[in-house]
Amino acid sequence: MAGAALAQESREIETPLPDPAMEARAEALMREIRCLVCQGQSIAESHADLARDLRLLVREKVAAGMSDEEIRAFLKARYGDWILLRPPVERRTWLLWFGPPLLLLVLTALVVLRWRHRRVRTGGDEAAALASWLAEEESDEEERPA
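According to our numbering, the sequence shown is numbered sequentially starting from 42.
Among the clues, some could well be false.
Claimed, not checked - Here are the simulated distance ranges between beta carbons:
#1 L154 to C79: 17 to 27 Å
#2 L91 to A65: 34 to 44 Å
#3 E86 to R119: 17 to 27 Å
#4 A118 to A65: 22 to 32 Å
#5 V147 to L126: 25 to 35 Å
#6 W174 to L143: 27 to 37 Å
#7 R159 to L137: 12 to 22 Å
Worth flagging that the hints you see were computed from the coordinates, not collected in a lab. Cβ atoms here follow ideal geometry from the backbone N, Cα and C, with glycine treated the same way.
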């Protein structure tokens with residue numbers, strides 16, 4: 042029982058790398074990697090056990106001398122592009138990257154066109170209503186005895 046508690050305690054304590062530059066590099070990488078449990082957080086922010094294990098793995102890879110790109114490639118090979126909070130721009134991810142701005146442009150164009158169409162139509166209706174009112178006024182004046 043004491044062994045399990047000690048193992049849990051040792052897992053909760055994360056030791057930073059001795060070299061501050063390497064630790065800063067590891068932390069920057071951790072902010073780019075998605076927590077597979079939390080999904081909306083990076084492993085740097087997450088308190089999940091898997092995120093803790095991935096932080097340890099990143100520190101080990103940095104300490105072993107792997108480049109940032111090699112570490113990303115290792116994680117992508119193991120977990121897929123989804124592990125990265127910012128997936129690469131590739132042919133298969135174009136919709137992910139360019140879909141939202143394109144949708145926003147299309148919706149904005151539709152709103153502007155509809156607004157212009159309504160303004161033109163309303164302007165014509167107002168002119169017709171004014172002409173009708175003037176015609177009624179003129180006919181009322183003609184019918185009044187002098």
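Structure-based check of all given hints:
The beta-carbon spacing between L154 and C79, approximately 42 Å, falls outside the hinted interval of 17 to 27 Å. The hint said 34 to 44 Å for the Cβ distance between L91 and A65, and at roughly 23 Å that hint is violated. A hinted range of 17 to 27 Å for the beta carbons of E86 and R119 is consistent with their spacing of about 21 Å. Range check, A118 to A65: about 25 Å between beta-carbon atoms, so the 22 to 32 Å window is met.
As the Cβ distance of V147 to L126 is approximately 27 Å, the hint placing it in 25 to 35 Å holds. For W174 and L143, the Cβ-Cβ distance of about 46 Å falls outside the hinted range of 27 to 37 Å, so the restraint is violated. Between R159 and L137, the C-beta spacing of about 34 Å breaks the proposed range 12 to 22 Å.
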